[in-house]
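K.L.:
Going down the list, the protein sequences come from chains Z and U.
If you count the first sequence from 1, position 45 lands on 45 in our numbering, and the numbers rise without skipping.
If you count the second sequence from 1, position 81 lands on 81 in our numbering, and the numbers rise without skipping.
Do not take every clue at face value.
Claimed, not checked - Partial list, derived from the structure: chain U residues whose beta carbon lies under 10 angstroms from chain Z:
no., residue
1, 44
2, 82
3, 107
4, 111
Derived from the structure by calculation, the hints contain no laboratory data.
Quick caveat: nothing in here was measured; it's all calculated off a predicted structure.
Even glycine gets a Cβ: it sits at the ideal position worked out from N, Cα and C.
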Amino acid sequence: GQNIDQPTEMTATEGAIVQINCTYQTSGFNGLFWYQQHAGEAPTFLSYNVLDGLEEKGRFSSFLSRSKGYSYLLLKELQMKDSASYLCAVRGRYNNNDMRFGAGTRLTVKP
Amino acid sequence: NAGVTQTPKFQVLKTGQSMTLQCAQDMNHEYMSWYRQDPGMGLRLIHYSVGAGITDQGEVPNGYNVSRSTTEDFPLRLLSAAPSQTSVYFCASSYGGLGYGYTFGSGTRLTVV
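Turn these sequences into a full structure, and let the hints guide you.
P.N.:
Below you can see the structure in the form of structure tokens.
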């Protein structure tokens, strides 16, 4: 099975940097995904990591350590529109379509 | 390009009623999935499909059926609605290769009374 943990809520200030952590325990691993979900809307894909290390996409970066079962999403130069939930998801090894999600971290950006 | 289209957006059912949630995608994605999202529990996989004619159960399949007769459509059927099925339902699709994230539909908010 899979167990995915992330903090429930975080608060940060506009213009700052915030790191959202995700730890996972899984019987198989085929990649870790981050999604953004604004209140009342559908999740949207942010990033994908399958190898250890940092992937950078503009203001967003995602890091993976497979040996530690750990990932983080780093958001730089925070903007008010970044207030949303951030979902960590792990894809299992034996089924590419079996993506399991954490409960999400609700980020509030304050002026 | 419509992406993933879900209908209806809102639905109220009485306990015991049946209904079908529709999902269609126009991106020629092989993979399609249905998730439900409940407060504090995240998205949970109900059923998924890796191509036309192929479906399988996810984490919480009881009370739901699916079929995939075409690449584009993946309807979710509630057989006999129960209050525990009150939730927001998302359909999602992706290409089959590694690294492709899901594209989600806009969701269906279902209330069973």
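K.L.:
Now, for every hint given, state plainly whether the structure supports it.
P.N.:
Hint check:
1. A least Cβ separation of about 8 angstroms between residue 44 (chain U) and chain Z falls short of the 10 angstroms threshold, and the interface hint therefore holds.
2. Given the 10 angstroms rule on beta carbons, the hint for residue 82 (chain U) is violated: about 23 angstroms separates it from the nearest Cβ of chain Z.
3. Below 10 angstroms, beta-carbon pairs count as interface contacts, and residue 107 (chain U) has one with chain Z at about 6 angstroms; its hint therefore holds.
4. The closest approach between the C-beta of residue 111 (chain U) and any C-beta of chain Z is roughly 15 angstroms, which is over the 10 angstroms cut-off, so the hint fails.
Going through the hint list in order, the structure does not satisfy hints 2 and 4.
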